[in-house]
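J.: Below, each chain spelled out in residue letters.
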Amino acid sequence: MQGFWQRFLGNPRVALSLLWLFFIVAVAAAAPLLAPTSPFAIVSKPFSPPFGEFLLGTDSLGRSLLAGLIYGARTSLLIAIIATLAAVAFGTLIGSVAGFYGGIIDDVLMRLSEFFQTIPSFIFAIVLVAILSPSADSLVIAIATVSWPPIARVVRGEVMSIKSREFVQAAIVIGQRDVAILVGQVLPNALSPLIVTGSLLVANAILIESALSFLGLGAPNLMSWGFQIGAGRAFLRDAWWLVTVPGVAILLTVLAINLVGEGLNDALNPRLRDL
Amino acid sequence: MSEPVLTIENLSVALPSWADRPLAIDGISLKVLRKEILCVVGESGSGKSVMAKSILRLLPAPHVCVAGGRIMYEGKDLLTLPLEDIRAVRGGRIAMIFQEPMVALNPLMTIGRQTDEILEVHTRMRAAERRKRIIEVFGDVRLPEPEHIVGSYPHELSGGQRQRVMIAMALALEPSLIIADEPTTALDVTTQAQILRLLKELQDRHGTAILFITHDFGVVAEIADRVAVMHQGKLVEQEKVNDVLLHPRHQYTRALIAAVPSLTPRRIAHRSPSQSAGPLLLSVSGVEKTYPARGGQFSLSRRRVSAVAGVSLEIAKGRSLALVGESGSGKSTLARCIVGLERADRGAIVLEGTNIAGLSRAKLRPYRKAFQMIFQDPFASLNPRWCVADIIAQGPIINGTPRKTALGQAAELLRLVGLDPKAARRFPHEFSGGQRQRICIARALAVKPKLIIADEPVSALDVSVQKQVLDLLDELRTTFDLSMLFITHDLRVAAHVCEEIAVMKDGLIVERGATADIFATPRNEYTKALLAAVPGREWQQNVSALRN
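Chains C and X, in that order, give the protein sequences.
Residue numbers for the first sequence follow the numbering used here, beginning at 1 and rising by one.
Residue numbers for the second sequence follow the numbering used here, beginning at 1 and rising by one.
These are calculated hints, taken from the structure and not from any lab test.
There's no promise every hint is true.
Dumping the calculated EDC-like pairs for lysine to aspartate or glutamate here, alpha-carbon to alpha-carbon at most 16 Å [to be verified]:
| hint | chain 1 | residue 1 | chain 2 | residue 2 |
| --- | --- | --- | --- | --- |
| 1 | C | 163 | X | 377 |
| 2 | X | 422 | X | 412 |
| 3 | C | 163 | X | 342 |
| 4 | X | 363 | C | 178 |
Please construct the entire structure, taking both the sequences and the accompanying hints into account.
T.: Right under this line is the structure:
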């Protein structure tokens, strides 16, 4: 395992990305301390430029952009991570059952996942939020619903290949029950691709959440980066910072998560690089 | 003495810092003479493959690299030759044949096209000439109907045919040296005999020198002119074949030769007749298993392949039966049916009076304790994420033994199979192939079975390790009063551990009887062919003649 951490943290892109992510997580966790006022509170005159009274200026209603950014980190990360966890849990369940039992069960479950995959995911998410009425819960449900099929596919493929390995057959011969084999023998060996896909999914979830909030389908009483961009887009020429600052925050965070995901992949599958 | 084609002078190859020793090859000097077959023999890890790869500069840089020495070929040092020139030597002047022909061939290209590529790169022949040459070499290596087979894909050929294609590709440019890295290890005994004969014949006809790498002294006896023995990266002996085989000087060579399973059949010795005629433990009758043929997705008539076509056999308590046959003979399928990994289509499998054929996994579970399986590949049959103690104790824990007791028993079993009980907390990847197979044996024994089904348990191991594992199995059989169904393609191995043999071909048992009888008077044509194909048969007979 020591080799893993060396390979993982020794990668400069991973180290920088992790640094950024830790920073964002710390900011999100300490949001009430860093920004004592509510992000929706009107604190000054509208459109005050950055580096004035407020570090990043104010928006069209006179709300502090920095406070919004700090609370936005909270919303974006929380929704993205919860949605990803839900998608990973559901996708793993479907994928492992399909891969392990095969046959008709596999056919049915995979046609089901294909049904979800054929609908353009973002439009599907919009429809779901519109039906469920915009709230944090419905955002999580919508994001998880459109994100689980790739996870199910990855897990199914892994389970199918691991299932035919001899140590699984040895467990069958010893008399272990199916669930125990699946949980104890098969899934731990499918962990590395799952972690990689899952981490990349977080980035995707942040993007979907921001896009939904941009369209005004976000949680109405939670400040988020996408909402800030949506609110500021009309004033792009007069107050460029309203859109640029949260945009850069999204860009950097998504990029960092993707780089960490790739770094995980390289570190977990060292054979791709060595030899 | 003819002049050398290839001279290796004081070659050393360095391994990366995390490897078990600093040098993969430590100052080796050897010569390959014109028109000779030089066999390089050694266990896995002895550095023999690394040496072969360093000749063509195929070492996985930058981790493994040449630390010193020269490899002289046609007056030039291959190690300092510019890459451009090395490319011309590779395939053109020196060709290489690999162990696993399925992996070495591109599955998406016809074999004709793959051979054509070599000619295209290295010669200026026109398409028609190239085709003529390809058909010529395919005929040369005895591929059936060369005009038609050029359009086949690798998966349409058998393992032996694929290896013939590899040899044809190696021969296409008439190289002066062929490096063959364990070219027959992945093949059946009969196919191996054919390929060895073919290599020898081609070598006589074309006068090519061959550097042949193997771990099996039986193969050496069949093919070699001279032998070089490697151990831990060092050359321990380099002599004419007869000198090494009949009068090995170095102690390591002697140990390697002693490990070759002897052809002396085992007799029903250490058991009195009354014991050996004990009650039936397993009785298999009329078992059949067919699979839908592959590739028939769009064809209307679904072809079916019959893997096991009505097999009956019995094993009495305390006896062991070897099931011998080539790959595809259905012997593994039969074993999988018996342990319930596959369901037999028809027939009865009666274990101590209960028919277990056709039972579902859940219904079979109570009977599982009575029989256990040992698998072929010790690298795939242990869960890499579990420590050894947990792997061994798993069976008893499922069957209700308290965890603590089971772990204690696991340590005891480790000692029994010749491993240090302290190794219990370590993970499978820390063990060698032979040690892993010992762990698999311990796992099988943990539930105190009456019958062990061993599916080619030693075919993935080196010859020297094979013998140790076989001896261990034999010893444990007596200690635990086990019956054994031993599946193998190697008659030498069967003779070593089993007093009875059943020969299987195309899903049927063609001959069965006491090992000694079958070796002395084989009746079936196929059994005779199998016996004749055992590598090093004449040599072993000579050795035993010498001893008597």
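J.: A separate judgement is required for each hint: does it hold in the structure or not?
T.: Each hint tested on the structure:
1. 163/C - 377/X: Holds, at about 15 Å.
2. 422/X - 412/X: Distance ~10 Å between residue 422/X and residue 412/X Cα, so the pair holds.
3. 163/C - 342/X: 14 Å, holds
4. 363/X - 178/C: Within the cut-off at roughly 13 Å; holds.
Consistency note: the structure conflicts with none of the earlier hints.
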